[in-house]
Amino acid sequence: ILNVEQSPQSLHVQEGDSTNFTCSFPSSNFYALHWYRWETAKSPEALFVMTLNGDEKKKGRISATLNTKEGYSYLYIKGSQPEDSATYLCASLSGGYQKVTFGTGTKLQVIP
Amino acid sequence: EAQVTQNPRYLITVTGKKLTVTCSQNMNHEYMSWYRQDPGLGLRQIYYSMNVEVTDKGDVPEGYKVSRKEKRNFPLILESPSPNQTSLYFCASSLHQAAQSFFGQGTRLTVV
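Going line by line, the protein sequences match chains F and X. For the first sequence, the positions run 14 to 125 when the numbering used here is used. For the second sequence, the positions run 2 to 113 when the numbering used here is used.
Bound conformation, chain F alone (with noise of 0.2 Å):
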């Protein structure tokens, strides 16, 4: 893999249900994975920064776990809500370790 990709593109789940997405990247000279949340007409915000094979964070909800060896890490959202409705970016760092390259993202939407 040479790029880092995202899927799915988008997400529709209803209230209540629990979801994934994954984020493949180079595994070649990793460095470090981030997760971050952008709602629209917001920033994006940090969620995981994820350094070791096999990590496995955590907040509140939404956990993340880590797979270097195979290059890629799941997003997990336990029982969502509607505030969870936004756009999961994830970016990695490699190569020389300066450059990030972020995914074009998962859409996520969840329905009252």
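A hint or two may mislead.
FRET-style restraints, in silico, Cβ to Cβ [to be verified]:
(1) X/Asn52 / F/Gly92: 28 to 34 Å
(2) X/Thr23 / F/Gln27: 41 to 47 Å
(3) X/Asp39 / F/Gly92: 32 to 38 Å
(4) F/Asp68 / X/Val113: 28 to 34 Å
(5) X/Asp60 / F/Ser20: 31 to 37 Å
(6) X/Val113 / F/Gln27: 23 to 29 Å
(7) X/Asn74 / F/Pro95: 35 to 41 Å
(8) X/Gly64 / F/Gly67: 21 to 27 Å
(9) F/Tyr87 / X/Met28: 25 to 31 Å
(10) X/Val55 / F/Tyr44: 15 to 21 Å
Below, computed lysine-lysine pairings styled on PhoX-like, alpha-carbon distance capped at 25 Å [claimed, not checked]:
(11) F/Lys70 / X/Lys18
(12) X/Lys18 / F/Lys112
(13) X/Lys70 / X/Lys58
(14) F/Lys55 / F/Lys91
(15) F/Lys112 / X/Lys58
(16) X/Lys66 / X/Lys18
(17) X/Lys72 / F/Lys112
Derived by calculation from the structure, the hints in this document are not laboratory data. We treat Cβ as the ideally placed atom computed from N, Cα and C, and that holds for glycine.
Please build the complex by placing chain X on the supplied structure of chain F, with the hints as guidance.
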């Protein structure tokens, strides 16, 4: 309050008229960067700076200049804007390159 401040928020300009978008952070962060957001393409890094007087090209530097004379400021300069630079621009800062980024409010630039 810890923040990244960009100005202006909105700008309409004409082709060829030099402009500067300012970015300032009050968190004593070393790493700062500029991104542009275009539909379907995700956030793309234009330039980044590891510290004062240290700047380097991101993925889409053509047509842009930056400077980092002080730690807190990282202005983006468009010497001769063209319509293909119409975009939403974000400035971001972080403690170091692998740490979570704090984003400014965004600048929506239209070049006619």
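The hints, checked one at a time:
1. Checked against the given bound of 28 to 34 Å, the beta carbons of X/Asn52 and F/Gly92, roughly 43 Å apart, lie outside it.
2. Remark: the range hint 41 to 47 Å for X/Thr23 to F/Gln27 is upheld by a beta-carbon distance near 44 Å.
3. One distance hint, 32 to 38 Å for the beta-carbon pair X/Asp39 and F/Gly92, holds here, with the actual separation near 34 Å.
4. At roughly 47 Å, the beta carbons of F/Asp68 and X/Val113 sit outside the given window of 28 to 34 Å.
5. Hint check: X/Asp60 to F/Ser20, Cβ distance near 21 Å, so the stated range 31 to 37 Å is violated.
6. The hinted window of 23 to 29 Å between X/Val113 and F/Gln27 is violated, with their beta carbons roughly 43 Å apart.
7. Range check, X/Asn74 to F/Pro95: Cβ separation about 38 Å, and the 35 to 41 Å hint holds.
8. Taken as a hint, the range 21 to 27 Å is violated for the pair X/Gly64 and F/Gly67, whose Cβ atoms sit roughly 42 Å apart.
9. Restraint check, F/Tyr87 to X/Met28: a C-beta distance of roughly 30 Å satisfies the suggested window 25 to 31 Å.
10. The beta-carbon spacing between X/Val55 and F/Tyr44, approximately 18 Å, falls within the hinted interval of 15 to 21 Å.
11. Taken as a hint, the F/Lys70 and X/Lys18 pair is broken in the structure, with Cα atoms around 47 Å apart against an allowance of 25 Å.
12. A threshold of 25 Å between alpha carbons decides the hint, and for X/Lys18 with F/Lys112 the separation of about 29 Å lies outside it, so the pair is violated.
13. Using a Cα cut-off of 25 Å, the hinted pair X/Lys70 and X/Lys58 holds, with the two alpha carbons roughly 17 Å apart.
14. Pair hint F/Lys55 plus F/Lys91 holds up; C-alpha atoms about 23 Å apart against a cutoff of 25 Å.
15. Restraint check: the Cα-Cα separation between F/Lys112 and X/Lys58 comes to about 9 Å, which is no more than 25 Å; the hinted pair holds.
16. Taken as a hint, the X/Lys66 and X/Lys18 pair is honoured in the structure, with Cα atoms around 14 Å apart against an allowance of 25 Å.
17. Under the criterion of a C-alpha separation no larger than 25 Å, the hint pairing X/Lys72 with F/Lys112 is consistent with the structure, at around 19 Å.
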